[in-house]
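Given the coordinates of chain F, work out where chain W should sit on it, guided by the hints.
Protein chains: 2
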Amino acid sequence: MAETIERKELEDLQEDLHEVQELLRRQRIVESLVHRTEGPRHELEERLVHRQHEAELRRKLDAMHPADVAYILESLPIEERLVVWSLVKSDRDGEILLEVSEPVRDSLIADMDQHELVAAAEALDADELADLAPDLPEEVLEDVFRALPVEEREQLRAAMSYAEDAVGALMDFEVVSVREDVTLEVVARYLRRFDELPDHTDQIFVVDRDEHLKGTLPLTKLVVNDPERIVATVMVETPVALYPDDKAQDAAQAFERYDLVSAPVVSERGRLLGRVTVNTVLDYVREKTESELLGIGGLREVEDIFAPVWESVKNRWSWLAVNLVTAFVASRVIGAFEGSIEKLVALAALMPIVAGIGGNSGNQTLTMIVRALALGQIQPDQARKLFAKELGVAVVNGLVWGGILGIIAWWLYDSVPLGLVMTAAMTLNLLLAAVMGVAIPVVMSRLGRDPAVGSSVLITAVTDSGGFFIFLGLATLFLV
Amino acid sequence: MAETIERKELEDLQEDLHEVQELLRRQRIVESLVHRTEGPRHELEERLVHRQHEAELRRKLDAMHPADVAYILESLPIEERLVVWSLVKSDRDGEILLEVSEPVRDSLIADMDQHELVAAAEALDADELADLAPDLPEEVLEDVFRALPVEEREQLRAAMSYAEDAVGALMDFEVVSVREDVTLEVVARYLRRFDELPDHTDQIFVVDRDEHLKGTLPLTKLVVNDPERIVATVMVETPVALYPDDKAQDAAQAFERYDLVSAPVVSERGRLLGRVTVNTVLDYVREKTESELLGIGGLREVEDIFAPVWESVKNRWSWLAVNLVTAFVASRVIGAFEGSIEKLVALAALMPIVAGIGGNSGNQTLTMIVRALALGQIQPDQARKLFAKELGVAVVNGLVWGGILGIIAWWLYDSVPLGLVMTAAMTLNLLLAAVMGVAIPVVMSRLGRDPAVGSSVLITAVTDSGGFFIFLGLATLFLV
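As you go down the protein sequences, you meet chains F and W in turn. If you read the first sequence in the working numbering, its first letter stands for residue 1, the second for the next number, and so on. If you read the second sequence in the working numbering, its first letter stands for residue 1, the second for the next number, and so on.
Just chain F, same shape as in the assembly (with noise of 0.2 Å):
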């Protein structure tokens, strides 16, 4: 990246958000002049302000972080997005794709033909290649992937063939290493032949003949060791080493653990095949705590806020219509006791309090659990003692809640049994709410999936219908 290139903090960057959409409104403006006006001059002239116009806008464009280019083509609509997009220098397509989120990805993709589609992968490195690869034409991949050298090809296939959720997709390949006989007066002389290291290089990769890994060499060593040394003596001799196989969640978890940098990723027979960056972990953590608050939100992926009315009914439905399952199975619950609550209607005002506070207390265990598993804090054989400590805190609130709701409804209709019988259905359903609140991911990450995709829809679902099922059951033994 080139020094001149500045770097901002949010408010900066929303003024330049500004600028932009300033210049684009008067160009709007021109433009509309020039369909206006007739005379030939006239249109020549304001030809050449709206020329004016675009060239500072490119101007200002040309200077900013891909990042920021890309924060700029997310916060536009549609429309200037595209006109922004072509304003960007072709060369830096491929990095500012990368950057973008993918439904706005989608949006410029599309706007490409495939000449500039090949021009901008082409410009990446075969790790950043591997990320772009699957919103990418077919086509386009094909004729990318025959223009690599074969060392590149090698790579952009093997970083493909890793699991999304894997090391290997993390992995870069752009490792400095040398020999662990050599004095550091060698390595500095040797890092010297490079124009400039790769980013993030905090440490050098020291490796055998046969690129096994012996260890690392940090940079703060190398720089504050006498020269004379020799790296063997001053290396890290067991550094993190990841698997390409390890799941990405561990290798994020050790980075925040050991407080890394950069870690090495080696085959299971210790050769050296790459290596994981801080930047692509805390982008991993991102876009993983993004998917998971998406995904109690609600929402299948990460929407681009302009996206058409179709796209986001697309991005939404499925999720509605889970929830309109479950709904119908409480209704349906409501309906095999109509008879009930003809008889005393209380009962429909009262019921709904019940489900909920039991689907709030059910999602509080949810979360705790949930939590603790993904830091493998819970041992197979606490089980039974976290379902003692929820039930004594179920029975608490049951108590305590239900007790202050059985009084207001014995208040409001004037009856104690239907106060006892609200307690008592509070009661159970909290209990049922903290067993389905343990064992929903306790089950869930036994069976090998995700405790925090779609637990919280059916525990919602189970205390809706049971807390429906069980004051209308109470009510109907004891007050029809």
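Source of the hints: derived by calculation from the structure; they are not laboratory data. Heads up, some of the hints might be wrong.
Since the list gives no way to pick one copy over another, a pair counts as held whenever it fits inside one copy or between any two copies.
Distance condition first, Cα-Cα at most 27 Å in a straight line; then the derived DSS-like pairs of lysine-lysine [stated by the list, open to error]:
1. Lys314 to Lys385
2. Lys385 to Lys343
3. Lys247 to Lys288
4. Lys60 to Lys89
5. Lys389 to Lys314
6. Lys214 to Lys60
7. Lys288 to Lys314
8. Lys214 to Lys247
9. Lys389 to Lys214
Just chain W now, with coordinates in the frame of chain F:
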């Protein structure tokens, strides 16, 4: 950090945990034997075995990274946790306290006397101490403060003066700086005087006589360039510089966008105050998203999974109380229509569907808007565009899903008017959800509040009560 300390991935860590548990179990057995058997010879023998287990545990813990000891402590029930804690070397207490989650930290601190706490705190840097300070008893803090050298005392005072979510709170003071008019050779000689450089030193700061930041010298540049060159000709002149009062969130975004490892922090006048490193940012991002996830799940803070029932009840009650109030309001809305329900009991069974789907749809809109706000993608003049789009999505969803449910209601209860009311109510409640899904986070953010906190409860409250009111109101008007 000594290189003899191995770093591990989660799987290996879990094995360690099992070993520790096994050792603890054996020790407990021995202890119970000591209590049961009588003869003094027996006792002596058992004590010896006990000692051996203890020594083995101690060795195991000494060889572990502080973050890994923290993991073990968090995964153990409270009694076993305190046994392990007592075996940890006291000079490591400080760094381990920094690594554990807050509730576990509290449980450990409660087990230490003042003398131990002061010793633990004194082993830390000023910025680390500032992180720990809120959890330490007043007297301990005073003791530590008095014992600090003047410079560190000032640093601690400064670090503690910043808001928790300001860059100042993430800053450390371990900066290595040089002048711009010296050669790289001189810099190299200067660095060789250090035993080791601070962690995450990817760049050296270039300052003038008055400590004003002039630029930064990345180590990667130091090692590839000719030693004869002058620092000023090699350094990065416009690095990302943060101010201590900047929002931590904005700094984190800058680290992500520009793939930084460290960034200087300067005063308003450009004096170098300290630096922020990527590991702190990674921790911050993790904590921030974690507290967001906890908030959505209805927990006030991270919960120690082995916390006593009472602690858990305290952590969860406030959220349940809020929900109880909103559920009560919804219940009263239903109560107002009891007459209609008595006449047409089908309404009781159908009404939760209208409310539930409204809540889901509202949360979808909300999730998208909150994300866009956090990324600074929403401009004031675009609010109308977003409203229009979300209303469009709501109309489509309302007609599709509302239509399906209308047909089902018609089929179940053999009443066309009931089906039409169902469809109309669904559409109206989805429109309400769309409006509130955009309005709530936008208004909260205008008021300077975090739109991610509490807006989900708010929208669910509106769509619940609103859904009941719309459906029962329409039914009362047209059906009863």
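Results of checking the hints against the structure:
{"no.": "1", "hint": "Lys314 to Lys385", "result": "between (43 Å within a copy, 19 Å between copies)"}
{"no.": "2", "hint": "Lys385 to Lys343", "result": "neither (43 Å within a copy, 49 Å between copies)"}
{"no.": "3", "hint": "Lys247 to Lys288", "result": "both (13 Å within a copy, 23 Å between copies)"}
{"no.": "4", "hint": "Lys60 to Lys89", "result": "within (11 Å within a copy, 57 Å between copies)"}
{"no.": "5", "hint": "Lys389 to Lys314", "result": "between (42 Å within a copy, 14 Å between copies)"}
{"no.": "6", "hint": "Lys214 to Lys60", "result": "between (47 Å within a copy, 25 Å between copies)"}
{"no.": "7", "hint": "Lys288 to Lys314", "result": "within (22 Å within a copy, 30 Å between copies)"}
{"no.": "8", "hint": "Lys214 to Lys247", "result": "within (23 Å within a copy, 42 Å between copies)"}
{"no.": "9", "hint": "Lys389 to Lys214", "result": "neither (48 Å within a copy, 58 Å between copies)"}
In this structure, the earlier hints numbered 2, 9 are contradicted, and the remaining ones agree with it.
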